[in-house]
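Construct all of the structure, not just a fragment, from the sequences and the given hints.
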Amino acid sequence: MPNYSYPPMEQRRVIGKRITRLDGIEKASGKAKYNSDVRPKGTIHAVGVFSPHAHARVKAVDTTAAQKAPGFAGVSVVAAPGTEINWAGQEIAFVAAQTEEQARDCARLIKVDYEVLPHLVREESLAKAGSRGKPAGEQVTGDPDAAFSASGAVVHEAEYGIPVITHCCLEPHGQVVAWDGAANKIEYWPSTQTVSAVGGDLAKQLELPATQVHTHQDHIGGGFGSKFQSDQWGKHAALLSKMAGGKPVKLYLDRREELTIAGVRPSVYGKVKLSANANGEMTGWDSTTWMTGGFAGGGLNADLLPYVFRNVANRRINHTAVSTNNGPSRAWRAPNHPQVCYITCAAMEDLAAKLKMDPMDFFLKNLDKTPRADTYKAQILKAADMIAWKKNWKPRGSSPGTVKRGLGLALGTWGGAGHASQCRATINPDGSVLIEIGSQDLGTGTRTIITQVVAETLGLPMGGVTLKLGDSNYPASGASGGSTTVGGVSASSRKASVNALEKLFAAVAPSLGVPADQLEAVDSKIQVKGNAAKSMTWKAACAKLGVSPIVEMGANDPRNPGGLTTGGVGGCQMADVSVDTETGIVKINKVVAVQDVGLVINPKTSDSQVYGGVIMGICAALMEERVMDEMTGRFLNADMEFYKLAGAADIGEIEVHMDITPEHDKRGVIGIGEPATVPTIACIANAVANAIGVRVPVLPLTPKNVLNALHNTTRRLA
Amino acid sequence: MSSPTKPDQELQPTTPSGVSRRGFLGTASATAGAVGSGLLEQTAQAAPPAGVMGPGETEITLTINGKATKVKVEPRTTLLDACRERLEITGAKRVCDRGTCGACTMIVNGKTVYSCTTLAVDNVGKKIETIENLTAGAKPHPIVPAFANNDALQCGYCTPGMVMASKGLLDRTPNPTYDQVKAGLGGNLCRCGTYVGIRKAVLEAAKELRASGARKSGGSNA
Chain F
0 MPNYSYPPME QRRVIGKRIT RLDGIEKASG KAKYNSDVRP KGTIHAVGVF SPHAHARVKA
60 VDTTAAQKAP GFAGVSVVAA PGTEINWAGQ EIAFVAAQTE EQARDCARLI KVDYEVLPHL
120 VREESLAKAG SRGKPAGEQV TGDPDAAFSA SGAVVHEAEY GIPVITHCCL EPHGQVVAWD
180 GAANKIEYWP STQTVSAVGG DLAKQLELPA TQVHTHQDHI GGGFGSKFQS DQWGKHAALL
240 SKMAGGKPVK LYLDRREELT IAGVRPSVYG KVKLSANANG EMTGWDSTTW MTGGFAGGGL
300 NADLLPYVFR NVANRRINHT AVSTNNGPSR AWRAPNHPQV CYITCAAMED LAAKLKMDPM
360 DFFLKNLDKT PRADTYKAQI LKAADMIAWK KNWKPRGSSP GTVKRGLGLA LGTWGGAGHA
420 SQCRATINPD GSVLIEIGSQ DLGTGTRTII TQVVAETLGL PMGGVTLKLG DSNYPASGAS
480 GGSTTVGGVS ASSRKASVNA LEKLFAAVAP SLGVPADQLE AVDSKIQVKG NAAKSMTWKA
540 ACAKLGVSPI VEMGANDPRN PGGLTTGGVG GCQMADVSVD TETGIVKINK VVAVQDVGLV
600 INPKTSDSQV YGGVIMGICA ALMEERVMDE MTGRFLNADM EFYKLAGAAD IGEIEVHMDI
660 TPEHDKRGVI GIGEPATVPT IACIANAVAN AIGVRVPVLP LTPKNVLNAL HNTTRRLA
Chain A
0 MSSPTKPDQE LQPTTPSGVS RRGFLGTASA TAGAVGSGLL EQTAQAAPPA GVMGPGETEI
60 TLTINGKATK VKVEPRTTLL DACRERLEIT GAKRVCDRGT CGACTMIVNG KTVYSCTTLA
120 VDNVGKKIET IENLTAGAKP HPIVPAFANN DALQCGYCTP GMVMASKGLL DRTPNPTYDQ
180 VKAGLGGNLC RCGTYVGIRK AVLEAAKELR ASGARKSGGS NA
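Here the protein sequences come in this chain order: F and A.
Sequence positions in the first sequence follow numbering that gives the first Met the number 0 and run 0 to 717.
Sequence positions in the second sequence follow numbering that gives the first Met the number 0 and run 0 to 221.
Since the hints were made in silico from the structure, they are not lab data.
With a straight-line Cα cutoff of 25 Å, these simulated SDA-like cross-link-like pairs (lysine to any residue) come out:
| id | chain 1 | residue 1 | chain 2 | residue 2 |
| --- | --- | --- | --- | --- |
| 1 | F | Lys16 | A | Lys199 |
| 2 | F | Lys32 | A | Thr68 |
| 3 | F | Lys32 | A | Lys66 |
| 4 | F | Lys589 | A | Lys181 |
| 5 | F | Lys603 | A | Tyr177 |
| 6 | F | Lys543 | F | Met461 |
| 7 | F | Lys589 | A | Tyr177 |
| 8 | F | Lys40 | A | Glu87 |
| 9 | F | Lys643 | A | Gln179 |
| 10 | F | Lys643 | A | Lys181 |
| 11 | F | Lys643 | A | Lys199 |
| 12 | A | Lys206 | F | Glu654 |
| 13 | F | Lys30 | A | Arg85 |
| 14 | A | Lys206 | F | Glu652 |
| 15 | F | Lys30 | A | Thr68 |
| 16 | A | Lys71 | F | Pro39 |
| 17 | F | Lys355 | F | Thr580 |
| 18 | F | Lys270 | F | Arg131 |
| 19 | F | Lys30 | A | Asn108 |
| 20 | F | Lys589 | A | Asp178 |
| 21 | F | Lys30 | A | Glu87 |
| 22 | F | Lys40 | A | Thr68 |
| 23 | F | Lys127 | F | Lys272 |
| 24 | A | Lys181 | F | Ile24 |
| 25 | F | Lys30 | A | Ala67 |
| 26 | F | Lys32 | A | Arg85 |
| 27 | A | Lys71 | F | Gln66 |
| 28 | A | Lys199 | F | Asp649 |
| 29 | A | Lys125 | A | Gly136 |
| 30 | F | Lys389 | F | Asn276 |
| 31 | F | Lys30 | A | Gly65 |
| 32 | F | Lys32 | A | Asn64 |
| 33 | F | Lys381 | F | Gly15 |
| 34 | F | Lys30 | A | Lys138 |
| 35 | A | Lys199 | F | Glu25 |
| 36 | A | Lys69 | F | Glu99 |
| 37 | F | Lys32 | A | Val70 |
Distance windows between CB atoms, simulated:
| id | chain 1 | residue 1 | chain 2 | residue 2 | range |
| --- | --- | --- | --- | --- | --- |
| 38 | A | Pro54 | F | Asn300 | 52 to 60 Å |
| 39 | F | Gly562 | A | Lys206 | 42 to 50 Å |
| 40 | F | Asp179 | A | Lys206 | 48 to 56 Å |
Note that the structure is predicted; figures quoted are calculated from it, not measured.
Beta carbons are placed, not taken as given, at the ideal position from N, Cα and C, and that holds for glycine.
Shown next as structure tokens:
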């Protein structure tokens with residue numbers, strides 16, 4: 000079997016270099032075509048009709064007036080009479096017309112009668128949830144009660160909460176789709192995180208063979224875990240296209256629906272009790288948590304508690320999933336982790352304050368309860384150095400003046416091993432190289448890192464490799480979820496290009512008078528290993544192929560990645576904040592992030608992933624919150640004015656340190672998109688507690704919540 | 000500052016020849032002799048008097064990136080939708096639907112505007128510059144390579160708006176301070192979290208513009 004291992008760190012020419020992303024200019028010049036920009040000839044438009052009620056039964060749907068409206072091209076009813084509606088925003092019908100404006104007129108003319116039913120849209124109160132809560136069985140390790148009552152035990156007990164937040168992808172969910180009824184063939188341009196699989200999902204909804212759907216996607220405007228399915232809007236846009244004689248139908252959600260039904264992250268609320276002995280060693284953990292993931296209820300794994308420090312000797316976990324009449328949750332960048340990280344690291348910070356310990360020392364002292372004590376220790380010390388923790392940290396609440404400054408820390412972890420991926424490498428007799436892979440570039444730099452791997456392997460410059468992705472006709476590659484893409488596509492493209500190169504070596508070995516295994520590819524040449532004098536140019540070598548290109552496959556098998564990719568990383572983040580105790584406004588001064596991520600193919604784009612993860616964490620810590628109205632059952636701030644995201648002035652300064660070391664490098668490639676966002680919320684919340692001397696128990700850290708905490712007027716969870 | 004103009008400001012009729020929403024309503028009510036606003040809707044639905052557009056599609060001419068461009072729009076069609084859905088000018092993006100996020104930013108008569116919050120008919124006779132113009136000349140405007148060099152984008156969906164807001168800022172403030180950059184981009188939101196690179200990119204482009212002394216060139220023919 001060929002040797003697929005990457006060259007040693009010091010010998011790499013392309014991998015590990017800060018190469019500018021290949022589609023940067025295309026995106027920065029507005030030329031990048033997203034599927035919401037695609038407009039094949041004859042495109043018509045569709046929009047949806049959505050339930051205004053959180054819980055109702057559809058009595059009648061009358062589309063007759065819509066059918067007479069100018070431009071009408073078709074209507075497809077999702078919720079037939081009798082259908083039970085379980086959240087506001089649930090799809091009732093989709094209607095198509097020649098222009099979007101006309102489609103909106105048609106939608107307004109569709110009359111729906113509902114029998115309105117009682118709803119539950121808020122989950123902060125487990126008591127009010129009543130039978131809508133489904134408790135999981137209690138899990139106990141050791142004897143937590145004994146730990147809490149042990150002599151000398153310092154016990155802390157408190158409530159914490161983190162609300163539902165939305166993905167808020169800037170490109171809404173939707174697609175352009177054209178169903179040629181005669182050929183029974185569908186051309187499909189969705190906004191998707193899975194080019195290879197989403198067409199099959201659409202075909203399944205339409206009861207067609209997967210072979211009949213051809214999926215295209217050059218660029219996607221954000222997914223963050225919410226864009227894996229073809230959804231109702233995909234199915235009905237396709238049906239409308241068929242009704243309209245195969246005309247392409249463009250249907251993208253409006254912002255309100257995007258926030259309401261296209262994906263949210265589950266909340267978590269809970270009561271935590273934890274203890275330490277006089278030496279500051281954590282001895283017990285007991286948490287009772289609950290959350291909602293929408294009508295289905297679940298979506299949060301409480302078994303991760305206490306997060307990272309899970310090997311605490313005495314532990315009791317109770318958890319309840321509450322079904323609410325809200326839009327469904329979807330995977331949200333590092334599912335479970337940011338929430339349980341907050342619950343854990345906040346409680347630990349609070350206990351450290353009670354112990355009168357520096358929380359950094361408390362975390363360091365308890366690293367034996369984590370799976371990677373050495374890594375975390377080095378990361379904590381590095382982050383502390385970057386933020387000058389020992390110089391700037393003061394005991395909780397001792398910051399003087401009305402604007403108080405504080406520091407906080409948190410730890411995170413993630414898997415991120417490569418997904419199943421296949422790649423095809425073609426070396427043409429003219430020397431051109433084609434790489435085809437049914438993957439997608441979410442803006443993480445996937446195009447760039449695949450090209451780097453192949454250029455490194457073949458000894459070519461970046462420009463010597465043509466990469467094609469974003470088409471379901473290319474070899475299937477996994478969905479971009481779980482930070483698994485970089486591991487998967489780097490391994491498959493490495494293997495495909497090594498396999499192709501071996502064939503090229505075999506073809507040129509006779510001309511260079513050595514066995515094929517004595518050859519190497521460097522600097523656009525094929526040469527005898529270590530002997531640049533005995534070489535031929537890449538072009539001359541490829542000319543030896545005559546008329547037959549080399550076509551080779553490479554695959555990443557997640558069960559046997561052959562050392563090219565692994566999972567399991569740690570990260571430490573620390574925040575420095577200022578809090579105005581008169582206005583309750585929290586200002587980020589600085590966040591530092593130290594992250595282990597295995598073999599880093601492109602430090603420039605991986606740094607960007609960490610910046611992005613931290614900034615998303617800042618948004619969630621300070622401002623993001625889905626506000627549900629108990630009376631009407633509606634999502635009150637389903638827009639971008641009152642559903643807040645941070646702007647360029649809100650993020651302070653961010654410093655990133657990637658642990659690029661030979662020890663981490665030899666573990667292979669590991670994904671970075673998710674781990675980088677995990678600890679941010681908790682470290683900021685801890686910094687605020689350190690600054691103002693009290694815990695703001697339920698996030699976000701809005702002025703209202705900060706002032707309530709300062710004035711001891713926070714509403715208790717019940 | 001360079002935050003995009005809010006809708007009420009943008010709807011002020013600024014050129015005598017331009018047709019704005021306010022101008023349209025004024026003409027309609029005057030023609031029908033109606034004063035009360037309650038009659039306006041009725042008036043607008045009647046057969047349009049001469050010089051009044053709508054309610055169906057009417058052909059107008061927009062001056063986009065220096066080119067007179069004919070387009071059929073309804074009175075309610077936004078400048079953004081006219082470009083994206085009728086003219087294949089798709090750099091500007093529709094994200095928030097309502098003048099919050101800046102992904103649709105264009106430069107109209109030298110001012111950054113949210114093109115989702117101004118009607119196409121209100122922009123007749125105005126100089127409309129879209130992101131496509133920044134690479135229309137022989138050399139791209141320096142803000143474009145600066146975004147790429149500083150990895151100031153990820154998914155890239157906010158990027159065209161960010162780039163145009165940055166260009167607008169640099170047009171007015173060629174030598175911005177770091178704080179001016181942060182404030183100047185306050186009307187634009189990113190979800191991937193690319194602000195670190197964006198802030199650097201704007202400063203780098205400003206430096207490049209000063210060095211080349213070419214602030215007014217760079218493909219700008221609007």
